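Here are the chains, one letter per residue:
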Amino acid sequence: MAPAQDVIHNIGYRNYAGARLGRAYARRALFSQSLRGAYGLGRSAKSKVLPMTLFGVMCVPAAIMVAVTVTAKLSKLPLEYTRYAIVLQAVIGLFLAAQAPQSVSRDLRFKTIPLYFSRPIERVDYVVAKFAAMASALFVLTATPLLILYVGALLAKLDFAAQTKGFAQGLVSVVLLSFLFAGLGLVVAALTPRRGFGVAGVIALLMISYGAVSTLQAIALDRDTTDAIAWFGLFSPVTVVDGVQTAFLSATSAFPGHHGPSTGQGVVYLAVLLALIAGSYGLLMRRYRKAGL
Amino acid sequence: MIATESLSKRFPRVTALDRLSVDIAPGVTGLVGANGAGKSTLIKILLGLSPATEGRAAVLGLDVATEGAAIREKVGYMPEHDCLPPDVSATEFVVHMARMSGLPVTAARERTADTLRHVGLYEERYRPMGGYSTGMKQRVKLAQALVHDPQLVLLDEPTNGLDPVGRDEMLGLIRRVHTDFGISVLVTSHLLGELERTCDHVVVIDGGKLLRSSSTDEFTQVTGSLAVEVTDSEAYPDGTAALGGALAAAGLIVQPMGRAAEFAAAGSGHVLLVDVTGDDTYDTVRDAVTDLGLGLVRMEQRRHRIAEVFQTPGSAQERGSSDAA
Numbered sequence: 001m002a003p004a005q006d007v008i009h010n011i012g013y014r015n016y017a018g019a020r021l022g023r024a025y026a027r028r029a030l031f032s033q034s035l036r037g038a039y040g041l042g043r044s045a046k047s048k049v050l051p052m053t054l055f056g057v058m059c060v061p062a063a064i065m066v067a068v069t070v071t072a073k074l075s076k077l078p079l080e081y082t083r084y085a086i087v088l089q090a091v092i093g094l095f096l097a098a099q100a101p102q103s104v105s106r107d108l109r110f111k112t113i114p115l116y117f118s119r120p121i122e123r124v125d126y127v128v129a130k131f132a133a134m135a136s137a138l139f140v141l142t143a144t145p146l147l148i149l150y151v152g153a154l155l156a157k158l159d160f161a162a163q164t165k166g167f168a169q170g171l172v173s174v175v176l177l178s179f180l181f182a183g184l185g186l187v188v189a190a191l192t193p194r195r196g197f198g199v200a201g202v203i204a205l206l207m208i209s210y211g212a213v214s215t216l217q218a219i220a221l222d223r224d225t226t227d228a229i230a231w232f233g234l235f236s237p238v239t240v241v242d243g244v245q246t247a248f249l250s251a252t253s254a255f256p257g258h259h260g261p262s263t264g265q266g267v268v269y270l271a272v273l274l275a276l277i278a279g280s281y282g283l284l285m286r287r288y289r290k291a292g293l
Numbered sequence: 001m002i003a004t005e006s007l008s009k010r011f012p013r014v015t016a017l018d019r020l021s022v023d024i025a026p027g028v029t030g031l032v033g034a035n036g037a038g039k040s041t042l043i044k045i046l047l048g049l050s051p052a053t054e055g056r057a058a059v060l061g062l063d064v065a066t067e068g069a070a071i072r073e074k075v076g077y078m079p080e081h082d083c084l085p086p087d088v089s090a091t092e093f094v095v096h097m098a099r100m101s102g103l104p105v106t107a108a109r110e111r112t113a114d115t116l117r118h119v120g121l122y123e124e125r126y127r128p129m130g131g132y133s134t135g136m137k138q139r140v141k142l143a144q145a146l147v148h149d150p151q152l153v154l155l156d157e158p159t160n161g162l163d164p165v166g167r168d169e170m171l172g173l174i175r176r177v178h179t180d181f182g183i184s185v186l187v188t189s190h191l192l193g194e195l196e197r198t199c200d201h202v203v204v205i206d207g208g209k210l211l212r213s214s215s216t217d218e219f220t221q222v223t224g225s226l227a228v229e230v231t232d233s234e235a236y237p238d239g240t241a242a243l244g245g246a247l248a249a250a251g252l253i254v255q256p257m258g259r260a261a262e263f264a265a266a267g268s269g270h271v272l273l274v275d276v277t278g279d280d281t282y283d284t285v286r287d288a289v290t291d292l293g294l295g296l297v298r299m300e301q302r303r304h305r306i307a308e309v310f311q312t313p314g315s316a317q318e319r320g321s322s323d324a325a
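Chain order of the listed sequences is A and B. Once you know that position 123 of the first sequence is 123 in the numbering used here, the rest is easy, because the numbers rise by one and skip nothing. Once you know that position 287 of the second sequence is 287 in the numbering used here, the rest is easy, because the numbers rise by one and skip nothing.
This is chain A alone, in the form it adopts within the complex (with noise of 0.2 Å):
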């Protein structure tokens, strides 16, 4: 040390006899870090760039069609509150991709991981707290413009009882988005420590298997075999949603022809949707199982 820095050594060490607010804590504190470093919180100015553009985008259309009610006077919002996520999968889809890998691929690549599991949080209050932050971030996004929406709908005077129901069942509906699409991006991010593959890797699950779905849904529906339509809705976590909120939501299907799922199909989808959320925590479980020190 140079002589000129003794003087601050001097002080002496001071030892911590303060509370030591153990695991619980420790969650909740990583919970709150994780959720506001998925908006660029804390983070440096341009990690905030990305994610609060993509805030706007999502509010954007909410306003406008607030806007439009208002002045023009209509009857009903030009979106019911359970499309409006599914509209708007795109911006939700590049949120997720985006901020998925920030949350658990640089922990894997800057192997801080090992400083984690060193203390007293453990496996489990880790994957807990990233997937709770990742799924509320996504329930941000994805119910503030809902909000929007129900805050208009009561200033054009809509029907209150009607509105609150249709908020209610949006809520819900977001809710499930929120963790599906939060389990299936970080486990996905979560394979790799390099960030650019996280990315690529869950767009390429939101959109390939979107993708591939619709095609399906369009051959199936040019056939007129509309049974197969519903069925086909499983295979990719959009229209999964889809059929679940059309099937318990009162929800409009935005399946080709409305050919949404019957109720009987609809616990199929529940059935799956469930599956996936545990399935990604489970999975995720597994994935740090290794990666302690």
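FYI, nobody ran anything at the bench for these hints, they're computed from the structure. All values reported here derive from a predicted model rather than from experimental measurement. One or more of the hints may lead you astray.
[To be verified] Taking lysine to any residue pairs in the SDA-like style, the calculated list, with each CA pair at most 25 Å apart, reads:
#1 A/LYS48 to B/TYR126
#2 B/LYS137 to B/ASP180
#3 A/LYS290 to B/LYS74
#4 A/LYS46 to B/LYS137
#5 B/LYS137 to A/GLY42
#6 A/LYS111 to B/LYS137
#7 A/LYS48 to A/VAL124
#8 B/LYS137 to A/TYR16
#9 A/LYS111 to B/LEU49
#10 A/LYS165 to A/ILE64
#11 B/LYS74 to B/PRO104
#12 A/LYS111 to A/ARG194
#13 B/LYS209 to B/ASP180
#14 A/LYS111 to B/SER133
#15 B/LYS74 to A/GLN33
#16 B/LYS74 to A/VAL124
#17 B/LYS209 to B/GLU157
#18 A/LYS111 to B/HIS81
#19 B/LYS74 to A/ALA72
#20 A/LYS111 to B/VAL88
#21 B/LYS74 to B/SER21
#22 A/LYS290 to B/GLU67
#23 B/LYS137 to A/ARG14
#24 B/LYS209 to B/LEU60
#25 A/LYS48 to B/GLU124
#26 B/LYS74 to A/TYR25
#27 A/LYS111 to B/GLU157
#28 A/LYS48 to B/ARG109
#29 A/LYS290 to B/VAL14
#30 B/LYS74 to A/LEU79
#31 A/LYS165 to A/THR252
#32 A/LYS48 to B/VAL105
#33 B/LYS74 to A/ALA24
#34 A/LYS290 to B/ASP63
#35 A/LYS290 to B/TYR126
#36 A/LYS165 to A/LEU79
#37 B/LYS137 to A/THR112
Position chain B against the provided structure of chain A, taking the given hints into account.
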């Protein structure tokens, strides 16, 4: 501080630890072993992150098998590898790690500022860590292990990648962690010599077995060997052998230095290792070289390497002994 009892860890194809029994008292303890000797495996077990195949271990009186979480709250760990994200500042990073240890936000900030200052990071702590030198990175890694004021820190190869000055500073810092901060230290290295100066006690393991556990004083008593390299001359085509013979005749213990990797790399098996018995050893060597008319290429004091512990005749008897420093 740390006590293990016939601790074993077997992987399908390797035995990483083989019935290791060792008692480590408070203070600075060096854990020496070659790469793959089981040092990192031992640390993992001590942190309660990897179950032992058999045997028991306790850290700070807590059982590693059942009280891992409690241990990890009171222990700090500095890994061997890089673990710092380049795009955040040291302050942000250490604050986050302090919170992961359970410190409330304000305490985490205070402790971070204190700890970074103690390890010698000042203004640069606000800059992204990607631009740090290896020495600064090692300091941040040490700071994150100390930030929650543990009772014990496990430092895995803290001097790795440092230049000699950085190495000395890091070793001095490690010493201060115990003397000034009152935190016990377990530090691993594959260089016995550098631990001699820092540690009160040194534990040597090899192939997962305890080779030796003794206080540093005992090590320094047997310290002192001299590496001598000479040229060949026309009278003595093999100058090294000639000198070896002459020194042996003068009553010194001489070994050819085939094994040590750093000399082999220098391209010569022409180095003799002479045990230093006193100041007159140097004179004897000098005289022997001049008498033979050889050119003296180098004569340097060597630090101990693990290889020598193998050669020490007393090591077998000391196996398992664990007298505190």
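Violating hint indices (sorted, rising): 7, 13, 19, 30 and 35
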